[in-house]
Each structure stands twice: as C-alpha cells, then as structure tokens.
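*Asks:* One-letter residues, chain by chain:
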Amino acid sequence: MWRGWSWCRSGRSSTAVCSRSGIGRGGTGRSAGRRTRRSRSRRSSHRRRDGTRSRRRLRRGADAVVVAHLADLHLGFSAYDRSEAGRNVRELDVEGAFLRAVEELARIRPDAVILAGDVFDRPDPPASALVALARGVELLRERLPDAPVLICAGPRDTSRHRRDPGVLAALDTLPGVEAAADAPRSVRIGDLHVLLMPHRSTLDDEAPAARPDPAARWNLLVTHARADAPAAGSAGPAIDAAAWDYVALGGEHVQRAPLPHVRWAGSLERIGWRPWEEALEEKGFLTWDLEARRATFHPLTVRAVVSLAPIRVQPGDPARLRRRVRQLTDEVPGGIDGKIVLVRIQGARPEDLSGLTEDLLPALRARALHLSIVLVDQQRHAAPRAAAEDLKARLAALMQADGAGGDDAHARAAALLGEAAPEATIS
Amino acid sequence: MRVVRLNGLRAAGVAPLDAVLENGLVALVGFPEEAAEVRRALVWSAAVGDGAVEVDGGRPAPGVEPLWGGTGGLAAALDAAARWIAGPSLTRVEAARARVTGESPAPPPAPPAETAEGDPRVLIENALGELRSRERELRDLRGEWAEVTGDIEQASMEWLRERQDAETQLLAYRDRARELKSRLAEIQAGGPDAPCPTCGRPLADHLKDVRVQLREEWESVVQDGLWWKRRREQLEGKPEHLRALEGRGVRVSAAVEGGAERVERVRTRVGDLEAAVEPRPRSDVALPEARALGALADELRGAALARVLREAGRIAERITSGRVLWIRTGDRGPVAEGVFPGGVPLARDRAVVELACRVAAARLAREAGAPLRGMVVGESLEWMDPEDRLRTVDALVDAAGWLGQVVLVTATDLVELRPEAFAQAFALGSAARGEGALTPLPVGAAELRLVG
Numbered sequence: 066m067w068r069g070w071s072w073c074r075s076g077r078s079s080t081a082v083c084s085r086s087g088i089g090r091g092g093t094g095r096s097a098g099r100r101t102r103r104s105r106s107r108r109s110s111h112r113r114r115d116g117t118r119s120r121r122r123l124r125r126g127a128d129a130v131v132v133a134h135l136a137d138l139h140l141g142f143s144a145y146d147r148s149e150a151g152r153n154v155r156e157l158d159v160e161g162a163f164l165r166a167v168e169e170l171a172r173i174r175p176d177a178v179i180l181a182g183d184v185f186d187r188p189d190p191p192a193s194a195l196v197a198l199a200r201g202v203e204l205l206r207e208r209l210p211d212a213p214v215l216i217c218a219g220p221r222d223t224s225r226h227r228r229d230p231g232v233l234a235a236l237d238t239l240p241g242v243e244a245a246a247d248a249p250r251s252v253r254i255g256d257l258h259v260l261l262m263p264h265r266s267t268l269d270d271e272a273p274a275a276r277p278d279p280a281a282r283w284n285l286l287v288t289h290a291r292a293d294a295p296a297a298g299s300a301g302p303a304i305d306a307a308a309w310d311y312v313a314l315g316g317e318h319v320q321r322a323p324l325p326h327v328r329w330a331g332s333l334e335r336i337g338w339r340p341w342e343e344a345l346e347e348k349g350f351l352t353w354d355l356e357a358r359r360a361t362f363h364p365l366t367v368r369a370v371v372s373l374a375p376i377r378v379q380p381g382d383p384a385r386l387r388r389r390v391r392q393l394t395d396e397v398p399g400g401i402d403g404k405i406v407l408v409r410i411q412g413a414r415p416e417d418l419s420g421l422t423e424d425l426l427p428a429l430r431a432r433a434l435h436l437s438i439v440l441v442d443q444q445r446h447a448a449p450r451a452a453a454e455d456l457k458a459r460l461a462a463l464m465q466a467d468g469a470g471g472d473d474a475h476a477r478a479a480a481l482l483g484e485a486a487p488e489a490t491i492s
Numbered sequence: 003m004r005v006v007r008l009n010g011l012r013a014a015g016v017a018p019l020d021a022v023l024e025n026g027l028v029a030l031v032g033f034p035e036e037a038a039e040v041r042r043a044l045v046w047s048a049a050v051g052d053g054a055v056e057v058d059g060g061r062p063a064p065g066v067e068p069l070w071g072g073t074g075g076l077a078a079a080l081d082a083a084a085r086w087i088a089g090p091s092l093t094r095v096e097a098a099r100a101r102v103t104g105e106s107p108a109p110p111p112a113p114p115a116e117t118a119e120g121d122p123r124v125l126i127e128n129a130l131g132e133l134r135s136r137e138r139e140l141r142d143l144r145g146e147w148a149e150v151t152g153d154i155e156q157a158s159m160e161w162l163r164e165r166q167d168a169e170t171q172l173l174a175y176r177d178r179a180r181e182l183k184s185r186l187a188e189i190q191a192g193g194p195d196a197p198c199p200t201c202g203r204p205l206a207d208h209l210k211d212v213r214v215q216l217r218e219e220w221e222s223v224v225q226d227g228l229w230w231k232r233r234r235e236q237l238e239g240k241p242e243h244l245r246a247l248e249g250r251g252v253r254v255s256a257a258v259e260g261g262a263e264r265v266e267r268v269r270t271r272v273g274d275l276e277a278a279v280e281p282r283p284r285s286d287v288a289l290p291e292a293r294a295l296g297a298l299a300d301e302l303r304g305a306a307l308a309r310v311l312r313e314a315g316r317i318a319e320r321i322t323s324g325r326v327l328w329i330r331t332g333d334r335g336p337v338a339e340g341v342f343p344g345g346v347p348l349a350r351d352r353a354v355v356e357l358a359c360r361v362a363a364a365r366l367a368r369e370a371g372a373p374l375r376g377m378v379v380g381e382s383l384e385w386m387d388p389e390d391r392l393r394t395v396d397a398l399v400d401a402a403g404w405l406g407q408v409v410l411v412t413a414t415d416l417v418e419l420r421p422e423a424f425a426q427a428f429a430l431g432s433a434a435r436g437e438g439a440l441t442p443l444p445v446g447a448a449e450l451r452l453v454g
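Protein sequence lines correspond, in order, to chains A and B.
For the first sequence, the numbering used here assigns the number 66 to the initial residue and increments by one for each residue that follows.
For the second sequence, the numbering used here assigns the number 3 to the initial residue and increments by one for each residue that follows.
Chain A on its own, in the form it takes in the complex (with noise of 0.2 angstroms):
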C-alpha cells in the first residue's frame, strides 16, 4: 500500500503529498501515478542522504531561504567550427560555464536550484552534453544533497513528436532531482511550493491554469517564456503575478525583470548568433531570497567578446582601411586572440574589403576564435530618390557624349523625361 503517502485530486491535475518528507509532486492523470509510484524508491534514498538543514531553512520563520534561478545552459551548443582537444570549443565554453555556475553554486548554498529550460540546446543533444550535465547535477547532488534541483524543459529540450518525452525525462530519475518534462508539475518542499511549467505544457491550450498552492508559505513558479510587464498586454495563458512569490523564467538570453519578482535569468554564455549584442551584458545566474524577496546576480567569467568601435574610411581607400583595421585590433586591450570579435566598417564599399581578405582578415582570423567584418552602411536606410533634374541632367550628358543634342541637349532631355519628377537615384 502506500504508507506515507496521501493523495489530493483537484480537476485534470494531482499532486502526490509525502507525509514523512513533506516533499510533493503533481501532474495529470495516470502519469502523474506513475511517477508517484517510480519514485518512491528514490524518495527513500533521497531522505535518507537528507540532512534537516533543508527541510528546516524551507519552513517558515527561517532567516533567509534562498533559491538559484539558472536558464538557458544551452548545453551542447557550437559554433565557428573550432576545436580543442577533438570538441567544439564553444560547446566547452558553454560547458565550462555550467560548470563553474555549479562551482559558485556550491558556495552560495541555495536551498533549491532551479534550471529554467533549455539545459539543452537541442531536443537530441550530443553526449557530450549529457554528460556535462549529469557530472554537473552530481556535483550539486555531493556539495549541496539537502537542495533538490528542480528542472523545467524549455523548447530545446522538446521533441517534436509528442509522444517523445525529451532527453530531461531520463535526469528525473535521479534521486533529489525533479524533471519536468512534458507536463506540468507540483513539487512541495516544506513550505515551499514548486509549478514547473514545461514548454510542451504552455502551448496546450488546455493545460489547467498555473495555480499557487494556498496552503504554502512560498510559491515559486518556473517556466520557460515570453513575458511582460502587466502593461504591456502579451498574449498567452494569463498569469496572476501577484500570486506567485517569485517567477523563475527562462528564453530571454539578457538579465531582465518585467516585475521585481518576475525574473529571466538570462543564458549562462552568449550563445546568440550575434553574441556582440551580449557583449556588455554580464552572464551568471540569479538567487532569489523568498523571506527578503530580493534578487542577486551571480556574474560568470565566460568568454570574451568585443564589438570594436566603427572604423570610419573614405570610400574607394583599401589601404587605409587595411591600416585602420589592423591598428584597432592591435589596440584590444589584452589582443584578439581567443576572443569573438565584431569589426565595423564605416563609409567602405564592399569591394574596398578585398585589401583584407588577401592576408590581413585570415591572419586575424587565426588569432581570434571569431572574427566577423560587418559594413555599416548609413546611406541603407537613405531614400533612393534623385531629383528630376539630375535624372534630365544625367540624359543631357549622355546624349552630348553621343554626339546628340548639343547645346540644346538640356532642353531636349527635359522635353523627352517630361515634366513629372522622376525618384530613382542613379548612382
């Protein structure tokens, strides 16, 4: 039978209550007892490596209980085909980054960590990426056994075909982790109450609404989505902010706070395609403080990139952008090499770049671990429109370069375009 354990049934969704522990789950339907029933097991030999500390921290009228906020980890990620030691070294750059989240994490002592989707960066990720993340919760799992790392899949880690429950399926068999893959899912860890939301359950229109749990003293709310502030009228299912004591989201790669409590952590690395917009944009993740509800930025040292200044030249001179581009990437403080580095060009035309791809940009390129060239073109957005006169002007000198017209040629122009303005430029 199941001792211990007592159930409370509320529409499509079930939480499953452990008595002894305090810890809960919940889901919907017959999957919600399959879970239950699988991890009574695990629960047993989580309880038995649970100290007090955190049952006690998570229980009303402890000083400070304080949950980390990680998303984004894109794990598995790469980029600018470069290698070390046979891998990508943007995949252990990424990597590298979880790691050393977990490192500070270790010293920081959450009560709960909580990944805010896309651990992944792809719904099958290589097993390289398996593997860092499952070195990483173990690590967790030693330094810190009393938190339970609470996992809530983002669109990357969902397979597209439904019946698919994603790689993050296979972590929450691991004891003192909870994995919410598919479904949505209620975790009671003393006083504190979990919603993980996954990304497969948000766009079910008839998933049931996220609800706190009233008779928790916290209610934390994870998932993986667009939000904004109560203004600014977003679609999707409503969410009572005011409810939850906290909303841990995951999707934007930037730090950002639609409300004080309402929080992307933003990605662990840049790992846009334009990590230049990122650049000055600190990475790390978030702890939150459930009793002083406020906030702190945990910065990771990740790695560097820079978006030169625009190098302004004068059309038709390759030789002094070739100067030019050179000096600026001499002048990086600390030098390009093994950076990702964003050159802006200014005035040039784009055939004005061929006194750099001979030698110069291949050289850089070697430095740097990326290297990327852009034109800014101020004159994009110009319209493109000449005046009539020119377009009559420009007819006039054709037809006195052919012999045509002569002193009257302007006249005669004038006479063939017609009086209405013409609008496309000619050169």
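Source of the hints: derived by calculation from the structure; they are not laboratory data.
Beta carbons: idealized from backbone N, C-alpha and C, even for Gly.
Treat each hint with caution, since some may be false.
[Claimed, not checked] Derived SDA-like pairs (lysine to any residue); straight-line CA-CA distance at most 25 angstroms:
#1 A:Lys-404 <-> A:Leu-373
#2 A:Lys-404 <-> B:Asp-396
#3 A:Lys-404 <-> B:Arg-393
#4 A:Lys-404 <-> B:Gln-225
#5 A:Lys-404 <-> A:Glu-346
#6 A:Lys-404 <-> B:Pro-343
#7 A:Lys-404 <-> B:Phe-342
#8 A:Lys-404 <-> B:Asp-387
#9 A:Lys-404 <-> B:Ser-255
#10 B:Lys-240 <-> B:Arg-185
#11 B:Lys-231 <-> B:Arg-180
#12 B:Lys-183 <-> B:Gln-225
#13 A:Lys-404 <-> B:Gly-332
#14 A:Lys-404 <-> B:Pro-388
#15 B:Lys-183 <-> B:Ala-168
#16 B:Lys-240 <-> B:Ser-255
#17 B:Lys-183 <-> B:Asp-207
#18 B:Lys-231 <-> B:Glu-221
[Said to hold, decoys possible] Simulated coverage check for chain B against chain A, where a stretch passes if three residues somewhere in it have a Cβ under 8 angstroms from a Cβ of chain A:
#19 48-56
#20 330-340
#21 388-397
Fit chain B to the given chain A structure using the hints.
*Replies:* Relative to the frame of chain A, chain B by itself:
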C-alpha cells in the same frame, strides 16, 4: 501577397494539402523529394490561380511573382526588384525611349491578365507539369538502375566467391589425393616391413588392411575432387541469373539515358517559353537620343541592382558569420566574395548568396512599394552549411517580421533545432506511406500574460 490557405494542393507523392497558414515564419517539412514537389506546386498553383493556393489579394502581380516564389530563377527576382526600386524614373525613361524609337516600352508591374488558351503562362504550366512527370519517371528509372546495379554487384560477388571456393576445394583434394597415393606407393614398396602411417611400427599382418583402407580413402578423395573439378568448370562462365541481371542493367541504363534526354528536352522547352514571356531584348537603335535613354535606363537598373546586392551582401555576411563579405555581379549572376577555405566559394556559399539575394530583393522591392507580404523559400537551405542554416532561420524570422510571412518548404531539421523561431509548422505526410497530408508540429515560443 501571402498564402492564406491551402485548398487541397496536390503535389507528387503527397496527399492533397489543406491548411490555414498564419503570418510569421511557417514551415512545411518533408523528405527532400516531397519538399521539392510541394514547393514547386505551391508556387505554380499560386501563379496559375487554380484555387489550390489561396493568396490574399488574388493572383500575384507579374512584378511580384518572382520575388514571392522565385519563379524564373534568381535573375528574374533581381530584375523584378530592380524595376520596383528604379520605379517611376525607369518607367519614364523607357516610355521616352519608346516614343523615340516607336517600340512599345517594357510593361510596368501590373496585375496579370486573365488566363487565356494561348497564354504563355498556361503553356509554361503545362510544360512544367510534363517536366515534373518526366522528372518523376527519371527518378524511378534511376531508382531501378540503382537496384539493378546493386543486384548485379551482389550476384557477381557471389559467383566469384563460389568460383574461388571451388578452386580452393579442388586444390585441397588434389593435394590430399597426391599424399595418399604416395603413401600407398611407400607401403607397396616396403611390403610387411613398411612402417604404419599412424604408429610407425612395421605393418606385418596389417599390411593388406591398411592398403585397402588407404586405397578406399584415396578413391573417395578422387571422387570428391572430381565433383569440385566439375563445379569449378561450371563456375568458369557467368551464371545465367547474373547474365540476365546484366542484360536488365544495360536496358535500364539505356532507359535512364533516354529519360534524362526527355527531361532535358522538356527543360529546354520550359526555358524557351519562359524566355518568350520575358521582355524582348532591345533592337539596336541608331538614334543617339534613344541610345542615351537606353544607357540611362541601364544605369537606373544597374544602380538598383547594386543596392540589392549590397543589401544581400549584408544578409550573407550575417548568415555566414563573415565568410561571405559582399556580393558582386558576375557573368552568370551574383558571386560571393570573402574569405573561403580553399580560396573559392563553394556550393554552400552559392546557396547563401541565392537566399540572401532573394531576401534583399524582396525587402527593397517592398520598400519601393511592391505589394509583397510574403515569400516562399527552401531549396537553397538544403545546400547550406548546418551552422549557416541556423543563422538563416534568424534572417528569415527578421524577414517574416517586415514582410509578413515566410513559407519555408524544407527537408532540413530546422524545426527540430529552432522550434521557437517558427510561428507554425507542418510535417508533410507521404501518400505512399498512407500518412495524413499535414501534421501540425508543436512550435513557437510560449507566451505568458502577466496580470495582477
């Protein structure tokens, strides 16, 4: 224009497609052949206006069609964009030139006329239908050819292996027979004092028994050896079924060549028909005024094209993360310039150039007033580097933002890798496998509405 609905769109190998398409980046995902067929059917059905593809605003205008669906190739898209960008100036210059020469000017972008019996568009559509059917026929023949060559190879290997096996067995039996014969001769010569072949002691009274036993064994070995000799002789020539397969292979090969020739003939016809609907090249004009107006029109078109290529270069730079730096005009169309491993652009770079040019052409034409609210892309993505392909999704999301809708018909795994980028996605089911025509895939970024 943008696709609003598919009403039983038919494409080879796929069940009729019915769906309501939204704005944003929309994907139709299938196997390569299915995706190619659906892409072609989608574009041509919209162009012909047979009702299978419902487009807002009716059938696409001629000046917009190459930008929307890529009909007529990249050259047509660039030319259409140049006409929109050069706009009223070009129209005015061409009209002035027509007045001077008495020729009719190139028609400005305008809504298409109703389809008539002799309409080149109908002829093109018919020819394309035939082309699709011939291509299918060729694909089937190539499939059969691959199957036959595989069978020939397998049968050939089996034959050689068996022949080698027979040869080896025959040699082994010959050696054994020689050995037994020499022993018999030794025993015959030694008489009762001959040593026993097993223990080495004199045979004495066992001489007769041993001799009989060895002779029987020798005879048995000779018999078996004769069988292997016959077997080897049998296998000297190619077996009947291998010869039959080779004959079939020759016939299928000839059929493949014939099929390829037929496809080429229909392709040429399509090319001729497409060329016929394009404006005729200007006749050489003796009037200096006309020459000047012609030169001015060329300058206007050239300047517009340069703008498109400059924008395309920017997009290509972003997609390739700096491998392609800019795009210039070449003899056979736009050419990528940049830093390439090996020094020259590869197929993956050309694929990026093609897509970037189409997106840039659509953007600038739209800014110049073209009634364009969508485009259909896909083919070039199949050739791209996987990393470029992911960055292309970002470029297409951007394009869908300013354009309204981008329909990506593809065989790539982009929907799996970037689900959040797509507004809508469908898996194409194969008719042969009895699958449903379109299966919606879970895509898009989740959105929450914060209240309270």
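*Asks:* Next step is simple, just say for each hint if it's right about the structure.
*Replies:* For each hint, the structure was consulted:
Between Lys-404 of chain A and Leu-373 of chain A, the direct Cα distance comes to roughly 12 angstroms. Compliance with the 25 angstroms bound is thereby established for this hinted pair. Restraint check for Lys-404 of chain A and Asp-396 of chain B: satisfied, since their Cα atoms lie roughly 23 angstroms apart, inside the 25 angstroms limit. At roughly 20 angstroms between alpha-carbon atoms, Lys-404 of chain A and Arg-393 of chain B fall within 25 angstroms of each other, so this suggested pair holds. Among the hinted pairs, Lys-404 of chain A with Gln-225 of chain B is inconsistent with the structure: their alpha-carbon atoms are about 80 angstroms apart, more than 25 angstroms.
For the given pair, Lys-404 of chain A sits about 16 angstroms from Glu-346 of chain A by alpha-carbon distance, which is consistent with the 25 angstroms threshold. Between Lys-404 of chain A and Pro-343 of chain B the CA atoms are separated by roughly 21 angstroms; this keeps the pair inside 25 angstroms, and the hint holds. Under the criterion of a C-alpha separation no larger than 25 angstroms, the hint pairing Lys-404 of chain A with Phe-342 of chain B is consistent with the structure, at around 21 angstroms. Distance restraint check for Lys-404 of chain A and Asp-387 of chain B: the Cα-Cα separation of roughly 23 angstroms lies within the 25 angstroms cut-off, and the hinted pair is therefore satisfied.
For the suggested pair Lys-404 of chain A and Ser-255 of chain B, the alpha carbons sit about 55 angstroms apart, so the restraint of at most 25 angstroms is broken. About 39 angstroms separates the Cα atoms of Lys-240 of chain B and Arg-185 of chain B, which puts this hinted pair outside 25 angstroms; it is violated. Restraint check for Lys-231 of chain B and Arg-180 of chain B: the C-alpha separation of about 15 angstroms stays at or below 25 angstroms, so the hint holds. Restraint check for Lys-183 of chain B and Gln-225 of chain B: satisfied, since their Cα atoms lie roughly 14 angstroms apart, inside the 25 angstroms limit.
Restraint check for Lys-404 of chain A and Gly-332 of chain B: not satisfied, since their Cα atoms lie roughly 35 angstroms apart, outside the 25 angstroms limit. Pair hint Lys-404 of chain A plus Pro-388 of chain B holds up; C-alpha atoms about 23 angstroms apart against a cutoff of 25 angstroms. Taking the CA atoms of Lys-183 of chain B and Ala-168 of chain B, the gap is about 22 angstroms. The hint holds against a cut of 25 angstroms. Between the alpha carbons of Lys-240 of chain B and Ser-255 of chain B the distance comes to roughly 20 angstroms, so the proposed pair stays at or under 25 angstroms and holds.
A threshold of 25 angstroms between alpha carbons decides the hint, and for Lys-183 of chain B with Asp-207 of chain B the separation of about 21 angstroms falls inside it, so the pair holds. Between Lys-231 of chain B and Glu-221 of chain B the CA atoms are separated by roughly 15 angstroms; this keeps the pair inside 25 angstroms, and the hint holds. Check on the region 48-56 of chain B: 0 of its residues sit with their Cβ under 8 angstroms from a Cβ of chain A, so the three-residue criterion for coverage is violated. Counting residues of the region 330-340 of chain B whose beta carbon lies closer than 8 angstroms to any beta carbon of chain A gives 3, which reaches the threshold of three, so the coverage claim holds.
Counting residues of the region 388-397 of chain B whose CB falls under 8 angstroms from any CB of chain A gives 4; the rule of at least 3 is met.
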